[in-house]
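Protein chains in written order, with the working numbering: chain R, 1 to 546; chain H, 1 to 206.
Hints are supplied without guarantee of correctness; some may be wrong.
[Stated by the list, open to error] Covered stretches of chain R (in silico footprint by chain H; criterion: 3 or more residues with CB under 8 Å from a CB of chain H, positions within the stretch not fixed):
1) 214-225
2) 235-249
3) 275-283
Simulated from the structure, these hints should not be mistaken for lab results. Every residue gets a Cβ at the ideal spot worked out from N, C-alpha and C, and that includes glycine.
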Amino acid sequence: MSDNSSTVSTKSFYQQSTNKYSGILSWLLTVDHKRIGLMYLVTIGFFFLVGVTFGVLIRLELISPGPTLMDAQTYNSFFTLHGVIMIFLFIIPGLPAIFGNFFLPLQIGARDVAFPRLNLLSYYLYVTGAILALLAVLLPGGAIDTGWTFYIPYSVRSSTNISLPLLAAFVLGFSSILTGLNFITTVHRLRAPGMTFFKMPLFVWSTYATAWIQIIATPIVGITILLVIIERFFGVGIFDPALGGDPILFQHLFWIYSHPAVYIMILPAMGVVSEIIPTFARRTIFGYKAIAMSSLAIAFVGYLVWAHHMFTSGMSDEARWIFSLLTFLVALPSGVKIFNWIATMYKGSIDPKAPFLWVMNFIFLFSIGGLTGLVLGSLATDIHVHDTYFVVAHFHFVMFGGTGTIFFAALHYWFPKMFGRMYNAKLANVSIVFFFVGFMMLYFPKFIMGYMGMPRRYYDYLPQFEPLQQISTVGSWILASTILFIFSYLIYALFKGPKASSNPWGGVTLEWHISSPPTLENFHEIPTITHEPYDFSQLKEMQHDA
Amino acid sequence: MTHSENAVYHVHRDDVGAKMGMWLFLFTEVLLFGGMFLIYAVYRYQFPDQFRVAAMELNTGIGTLNTVILLTSSLTVALSIAAMQKKNKFLSILLLSITILFALMFMVNKYFEWSAKFSHGIYPGSEELLNRPDGQILFYGLYYVMTGLHGLHVIIGVIILIFMLVFIIRNKITFNNYVKLENSGLYWHLVDLIWIFLFPLFYLIQ
Ligand code: HEM
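The following block holds chain R by itself, in its conformation from the complex:
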């Protein structure tokens, strides 16, 4: 799969392994960050499809009022599993574990992450967690039905298999912590000579900020979850009000993690956007430092807003307006990013290829998600739409329309680098359109229904919601088929696609300086960095070299 005419080893990392095995074992026991990244891609991609399947099934149930396909208990389990899978198995690990693993070392000019074996351990912890989460479906007692938030006291009382998914979340958290720890150390210790912090690509910056959140926030949810498990098994009194405990305390501890977790989801996505836009606008990024620092600012302010998930669970008014105010503050660094991206495109020579179009999709959908977030962040309106479909629509717009879209953008941007092949550009463009249409049909009606009072997590609904529910269900079919279609043409390209050059888009960050796919050691010689990260004057030199 490799091209390149240089005299040193030209074998790609597919042909050379870090251990003495060949075949499947050379993958399963590898410590190469690129192979681990690809193993994550396959595993996470699989669970994403499982999650989509659950999503489509709950949508199908909602196509008409009353029982359609499953009973109410199954519905409860399905939306919970859908949420658990999407959150813990897809969106949190998605970008850092796949693309962070693969590209963070490449972008800072390193041969691997700081702790390659720990990296493999994280992967297996992820797999263990995933298996634990899904095992609960098969065991007697039935699958978890608490919703992905595991609120007390129902989660200590429900007779379904709750401990297993909880344990799964704990193990996955551990995996996430180890990945974060690994990335932070990598960034501090393994940057190529000359790569100062302010010469790092922005994807590295955002992954770095994410890694800090992973480390700081995850232990809290870890202990909280552990306490719920202990409470279930041994009847220890911690949160259960029957034993004097305080369920609101659980909610606080849960959201102290789970809100920063939404920044674990979105920051790497913003990093990818900051990579793609300069490459396709052929212009250096506008406000590099502002973007880098706003990542850290989001990571920091993101800690202080958790209680906006709890405006209606009984807090003092003072606490509520403070958290509401802080919530609005998050909009500032996010706004800084959006304006800088747009300023980057201004007067650029834009080349609207698929990754760029995905990013446009992102900016549009994420802005809707972000703006409706303001509706939820203000106390008065939140009381009205709390726990309705409005919330469901909001978080699908930010998570799926935001990070999920960028998952596809990153996949299309780095596909040639990862696999050395090119996909069909026309099919890619067409699927973006269908993705958008399906997405809007699926989720936009939910805003309206929520505003009209349709509560979330309901198995049944009043007849007046029927038309909108049906539009939404049809949207889910379009969206799910598009996703399958995307996976199919990418897999086809993997085997039959034309060979990709080492720099198909004209990017200038370090990964584009090396062959596609990279060699096992990434760089024959560790580069010395002299340029700014998005200095497109390098392109000429790079073409000379090739």
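Given the coordinates of chain R, assemble chain H with the ligand onto it according to the supplied hints.
This is chain H with the ligand only, laid out in the frame that chain R set:
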């Protein structure tokens, strides 16, 4: 340059990086226990009197003994590292073994302490406990969970230290490559440190 099929991959050594990773990990451990200290603080604030009453029943003697044991073991592990730096392998092994011994003593004491409580019918979900006021149930809930989780860390620490012992004996840890031992020492200090906070919170504030 010759390139055989598999031999290209060098694992590089970076002691500073390894220690940085360890510190970050310890940081997450502190946060893990921090979550519990937070819960403790909230409930103590809610039920100050009942916490005081419940705490009177704990055996301060055993608690103090365990504190002394654990603090001393922190010293011995630090000395073991120093011995290694001074190329005294034998002394290092000796001190590390003493550390492990101390850790086991700690666990034995803990065992006696817990079983005494159990025999008085004070354990999670017991009738005796459930008949008490809420604050006391919470106190004992936290007591068992926090000291239990700390005990688990002691056990993990012992396992790690035993591994280090084997590494030293097999010369995998030497005077010029002892970062593993240092990191295990750091972990052990953390276990000690957490106890230093648990001890007054449960045994002393009465
Ligand atoms: C084709 C794709 C998808 C479909 C059809 C879909 C559909 C749905 C529906 C209908 C609900 C609401 C259930 C209810 O409140 O009654 C829901 C909930 C949810 N979805 Fe999705 N979704 C999809 C993709 C995603 C993605 C990509 C994510 C995350 C990144 C996600 C995360 C969630 C979460 C966290 C919940 C809340 C679960 C709970 O209430 O505990 N979904 N989804």
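Evaluation of the provided hints:
no., hint, in the structure
1, 214-225, "holds (count 8)"
2, 235-249, "holds (count 9)"
3, 275-283, "violated (count 0)"
When held up to the earlier numbered hints, the structure conflicts with hint 3 and nothing else.
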